[in-house]
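Chains A and B are the protein sequences, given in the same order.
Every letter in the first sequence is one number past the one before it in numbering that gives the first Met the number 0, and letter 73, counting from 1, is 72.
Every letter in the second sequence is one number past the one before it in numbering that gives the first Met the number 0, and letter 290, counting from 1, is 289.
Computed list of chain A residues with no C-beta within reach of chain B, every gap over 10 Å:
no., residue
1, VAL4
2, GLY45
3, ASP154
4, LYS155
5, HIS172
6, PRO176
7, ASP229
8, ARG283
9, ARG306
10, GLU310
11, LYS311
12, SER358
13, LYS374
14, LYS377
15, VAL390
16, GLN392
The list that follows gives simulated cross-link-like pairs (lysine-lysine, PhoX-like), each with its CA atoms no further than 20 Å apart:
no., chain 1, residue 1, chain 2, residue 2
17, A, LYS288, A, LYS311
18, B, LYS83, A, LYS191
19, B, LYS260, B, LYS275
20, B, LYS60, A, LYS205
21, A, LYS205, B, LYS32
22, A, LYS232, A, LYS155
23, B, LYS83, B, LYS36
24, B, LYS83, B, LYS197
25, B, LYS87, A, LYS191
26, A, LYS187, A, LYS155
27, A, LYS205, B, LYS87
28, B, LYS36, B, LYS194
29, A, LYS205, B, LYS36
30, B, LYS83, A, LYS205
31, B, LYS36, B, LYS197
32, B, LYS251, B, LYS281
33, B, LYS243, B, LYS197
34, B, LYS226, B, LYS281
35, B, LYS163, B, LYS289
Derived coverage of chain B by chain A (criterion: at least 3 residues anywhere in the stretch with Cβ under 8 Å from a Cβ of chain A; other residues may be distant):
no., stretch
36, 26-40
37, 52-65
Honestly, the hints are just simulated from the structure, not real lab data.
We treat Cβ as the ideally placed atom computed from N, Cα and C, and that holds for glycine.
Residue strings, one per chain:
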Amino acid sequence: MPMKVVTGNYAAAYGSMRARARFVAAYPITPQTFIVEHISEFVSNGEMDCEYVEVESEHSALSACVAASGTGVRSFTATSSQGLVLMHEILPTATGMRLPIVMAVVNRAIAAPINIWVEHNDIMPERDSGWIQVFCDNNQEVQDMILQSFRIAEDKRVALPMIVNLDAFILSHTVEPVDLMEQEAADKFLPKFTSPSHIIDPDDPKGLGVFTPPEFVQESRWQVDKAMRDATKVIAEVNAAFVKQFGRDHGGMIDPYMVDDADVVLVTMGTVSSTAHEVVDDLRAEGKKVGLVKLRFWRPYPRDELRKIAEKAKAVGVYDRAVSFGVGGPSFIEFRNAAYGLGVPTVNFIAGLGGRDVSSADIRFMYERLLETAKTGKVKRDVVWIATRGVEQ
Amino acid sequence: MKLKDMPDEELFTRGHTACAGCGGAIAVRNLMKILGKNTVVQNPACCLLVFGGTYPWVAWKVPYQDVAFENTAACATGMKRALKTRGKDDTVVLGIAGDGGTADIGIQAISGAAERNEDILYVMYDNEAYMNTGIQRSGSTPFGAWTTTTPVGKVRSGKANFKKDMPSIMMAHNIPYVATTTVAHIQDFINKFEKAKKIKGFRYIQVFAPCPTGWRHDTAKTIEIAKLAVDTGMFTLYECENGKITINRKPKMTPVADYLKLQGRFRHLTEADIQKIQDWVKKKWEADEKFAQCRSQ
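The whole structure should be built from the sequences, with the hints applied where relevant.
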């Protein structure tokens with residue numbers, strides 16, 4: 000299909016249609032609303048064969064998906080910010096029942112103060128929910144990852160729900176050229192739905208989510224832990240299959256750029272990655288050996304991949320669009336854990352909260368601080384708040 | 000179906016761990032006999048979740064799912080739509096929750112599903128408090144009742160507010176079927192579940208289900224107390240089919256004191272409190288009767 004110029008929200012909705020999601024329950028919230036609207040248009044026009052439920056809250060949206068997926072139907076939903084916070088209770092339920100639900104999350108700040116722009120603090124509380132999570136940095140990736148997500152989530156070795164993250168407005172409302180996939184191509188890539196888990200079936204009575212005493216729960220937790228670890232392999236396989244069929248490679252667990260000979264490396268998530276990419280080119284032209292890692296998968300966490308890169312670097316910076324108050328950015332905390340014992344100086348950069356723009360100059364500052372750190376071997380300040388009034392960088 | 004024709008086969012079997020005399024367990028056992036095997040169940044956090052099965056022992060002989068507390072109607076929606084997608088539209092989807100899970104924390108989800116007229120049967124078994132967590136006040140707890148969060152103290156005693164009228168709230172959604180029944184009026188119970196089973200769209204049945212543990216009454220008196228609730232007018236038996244209301248049994252207007260005195264939760268009530276309840280019953284019955292007359296066509 001020729002390239003079309005579409006928003007990230009359209010790409011997400013289109014991806015769910017091409018994945019033949021047969022059940023969608025969703026609730027509007029800025030900036031996710033257009034996903035809900037596009038899906039209702041697809042359904043109303045007969046383009047998407049789907050039970051679409053206009054539920055009365057995000058909590059009910061995910062609850063209905065848990066029931067529909069648990070009754071053996073491919074299910075999709077989308078939300079953002081406060082909506083995700085409201086859903087929070089139900090996320091681990093989908094995990095525990097091993098339901099391969101796919102959800103698009105348009106990352107937006109959580110109140111207070113109320114703010115509708117990009118921030119990753121909405122998704123961070125879901126870190127331990129047992130959902131596989133990927134961050135996108137362009138609209139093509141959004142469409143492609145929706146399709147890939149179903150294949151990853153429905154793999155019997157995984158059987159876990161999955162979230163596709165996209166930055167509010169920067170992707171959700173910004174048009175970009177996207178190669179919208181044909182139905183035949185999507186069908187070739189994603190097999191017809193068969194649940195990897197036990198389902199509700201009147202002909203084969205089973206209980207899902209049954210009250211369970213301490214004698215049995217720990218093993219079920221271990222199974223989820225193992226599935227999350229095994230997902231790493233499945234993610235790589237699915238990416239390879241996607242590259243082979245569609246010729247587009249968004250990277251597997253991470254997407255590294257110019258890291259092989261880099262003195263310093265910056266680890267980013269979401270759309271800041273694209274800006275950082277440009278800055279790396281500029282700095283390389285100036286003869287500075289800088290590299291970039293786009294952290295794609297947040298769960299499972301690419302520990303081994305990052306450790307390999309950190310082993311060779313003289314300093315590593317981690318960019319966060321979120322903060323764990325009093326500690327630092329969540330991505331930074333994870334990275335330090337992954338790099339434990341390597342002795343590589345690490346610096347955390349917090350920027351772009353509440354939708355504040357992260358400019359090339361901001362990223363250049365991060366690299367310069369890293370180069371200085373590599374030179375001295377000393378970390379001047381471990382958590383640096385970028386361009387924050389009254390705060391020294 | 001007559002009582003004597005009720006199937007012998009149990010779809011909610013013996014071996015469950017409900018307290019002796021549990022009204023909820025009686026309700027579930029009987030309604031499952033009427034709904035039959037081609038039924039799937041959504042059951043949230045409530046006593047039934049626990050006494051109905053603790054892995055690996057389960058009393059249900061039909062598929063069931065436990066998701067959370069406040070979302071029974073949303074989950075039943077998902078189940079029904081998925082069954083439809085799979086070509087199993089004839090399967091009855093039963094959402095069954097307690098009064099807390101329905102009238103309090105679950106009211107948003109039930110209101111949404113009712114407004115959408117989802118094809119599900121929703122049962123609220125009404126034991127008038129949060130029994131599973133140990134007898135805390137709910138919106139369905141009657142005036143004056145002792146609970147662990149409306150204790151009998153020196154400056155206040157029992158619940159200060161009257162019971163939430165959940166069936167009226169459901170009737171306001173203009174759904175095809177709303178009914179009230181009790182575990183004691185078994186023929187009425189059978190009639191209503193048989194009828195609800197056949198109707199398409201959202202059906203709501205509220206089953207009055209005494210709880211000896213929480214109401215502090217003799218475990219042998221569950222049925223007697225449920226009968227008295229109707230005879231005194233504390234609980235009205237009626238049904239609303241496509242907007243038409245039928246009162247199934249007129250209260251005998253037995254003094255409410257006869258009902259209250261059998262239950263320890265009302266032991267502390269003063270004469271004035273009892274009179275207040277008697278006045279409430281009179282007013283409530285008059286309103287129910289007038290409303291039914293207005294909507295008798």
